[in-house]
Every structure is written in C-alpha cells, then in structure tokens.
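Residue numbers (the working numbering), protein chains in the order written: chain H, 2 to 107; chain Z, 2 to 107.
Don't read these hints as lab results, they were simulated from the structure. Do not rely on the hints blindly, as some may be mistaken.
Which copy is meant is left open, so a pair is good if it fits within one copy or across any two.
Claimed, not checked - With a cut-off of at most 30 Å between alpha-carbon atoms, the simulated DSSO-like pairs for lysine-lysine come out as follows: (1) Lys103 - Lys59; (2) Lys103 - Lys62; (3) Lys45 - Lys11; (4) Lys16 - Lys62; (5) Lys11 - Lys89.
The model shown is predicted, which means the values in this text are computed figures rather than measured ones.
Number of protein chains: 2
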Amino acid sequence: MLEDISKVKKENISKLMVSFSDPFRLEIIDLMMDGEVCVCDIMKLTNLSQSRISYHIKILKEAGLISDRQEGRWVYYSLNKESLFLIKEWITSLTDHSSHRKRSCE
Amino acid sequence: MLEDISKVKKENISKLMVSFSDPFRLEIIDLMMDGEVCVCDIMKLTNLSQSRISYHIKILKEAGLISDRQEGRWVYYSLNKESLFLIKEWITSLTDHSSHRKRSCE
DNA sequence: ATTATACATCAAAATAATTTGATGTATCAA
DNA sequence: TTGATACATCAAATTATTTTGATGTATAAT
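Could you put the whole structure together from the sequences, leaning on the hints where they help?
Here it is, written out as structure tokens:
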C-alpha cells in the first residue's frame, strides 16, 4: 500500500524530469518565472511556432508542472509550485540520504 | 561574460535533466543511494543487459551526475553530490524567485 | 600463454520524441 | 453573421534516443 504511494510519486518525479528534459521547455519554464504567460507571449519571446509551443505546454501540463487559467480568448500558464517542491524534496532525499559506502567486489 | 557562465550552467542543468529523464536511469540512481555500485551489481539488481547499463552509465557520467573509481577489473560508480546541489539550487531559484504576477492581454 | 571476467564501444535496428503544416474550436469584435 | 484572434489537436515527416548483439580492451586468475 505504502509502496503504491511511493510508486505513484516516482512516476510523478519521472514525468516531471522528462518535462524538464527539453531545452525549449526549460526556456518556457524560464519565461514563467516572471509570472503568467500566454502562448502568444511565448511566441513573441521565443520565435517558436504556435503548435510547437502548444505541444510543449501540453507536456508540461501533463507532468503537473504548470497550471492554466482561461480568460476570454487567452489561456494563461504559470508554474505550479507544488510540483516544484516535490522535485526539490526528491533531490533533497538524494543529497541527504545517499551513502558514501565503498564497494569492493573480489 | 557573466552570461556565458550562466549559459554554461544552463547547459549543465539541461544535461542533468536529460540524465534524469529515463526510468532506468532513475532506477540506477536509486541503487547508488546505498553507495558505490559496479555494473555487475546493477546487472544483478535490475536484469538489464550489460551494454544497456553501460550506455545509461555513460549518459549519467557525461552529465556529471556520477563519478567513477576503477579498482582492478571493476569500476565503481557513485553519485556526485556537487551536481545534485547544482540542481537543487536551480529548483530553489524556481520556487523562491518565481513571480505570481497575473497577465492580462486585451 | 591461455582463459575468464568486467566493462566499453560500435553499428544496425527498434522505438520514441519532436516538428511541421493543416484543420478544428471557442471567443470576441465589427 | 462574418471575420479575426488565440489556442488545441492531428497526421505525416523528421530527428533523437534507446536497445541489441557483436566485438574490443584491460585486468587478473590458472
């Protein structure tokens, strides 16, 4: 039961990591640090095509990394802090609970 | 000049994120939390083929995420804390310095 | 010397991710 | 109601990543 939870968490982490693994998505994430952005903002700031941006946005959204808010014709995207904290927690578990034990076959 | 440095850093981050973006690599990283492991350890613990493991190890190594130490016929791999801290720092900058500013086109 | 072990590397094949250009849907303005 | 804008979605083409099986190299045991 608890294993299921950590499995779900690991799948979350895994998806989040995949969502970070593309340079254009990193760029988009970077833009979102200044607050909400719409697709048209991203187009102006990056010169990427609209469908290309929507594609990357979808991946970020499915990973839970961003949230969206529609207002009229526009959709505003922003970073979802919860998932950022989840990653931070995971990285922290790596830095804090990983062992330096030496291994020796033979 | 300073931009170059942050560009290098961003490329590091980017490579590190890619190195985290595969489920088998996450598994390998997980194993390394208990300390050093050799390829043969990973083989026993995961049932992945040797060349497959070497391939993933190479990616982790090129991202700077792991260090290696040879001893006779064996090579022991372990997590490189410095790069973990680099990622943590980056995630922290996202959580701490990202704005909630609302956007409104119209 | 010969053989076995541990691991790296390589090229080909298989698989997956990304990009492109077109089309679809909803909202709004004229 | 017509046209324009913002964005999503789709299928096909492109490109990148991963896997496989074979071969190579170094170390060490017999």
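Here is how each hint holds up against the structure:
Taking the closest pair of Cα atoms, Lys103 and Lys59 come within 30 Å of each other only across two copies (20 Å); inside a single copy the shortest separation is 43 Å, beyond that limit. Taking the closest pair of Cα atoms, Lys103 and Lys62 come within 30 Å of each other only across two copies (18 Å); inside a single copy the shortest separation is 41 Å, beyond that limit. In this assembly of identical chains, the alpha carbons of Lys45 and Lys11 lie at most 30 Å apart only when taken from different copies (22 Å versus 35 Å within one copy). Proximity of Lys16 to Lys62 under the C-alpha cut-off of 30 Å is found in both arrangements, the shortest distances being 10 Å within a copy and 22 Å between copies.
Both within a single protomer and between protomers do Lys11 and Lys89 lie at most 30 Å apart by alpha-carbon distance, with minima of 13 Å and 18 Å respectively.
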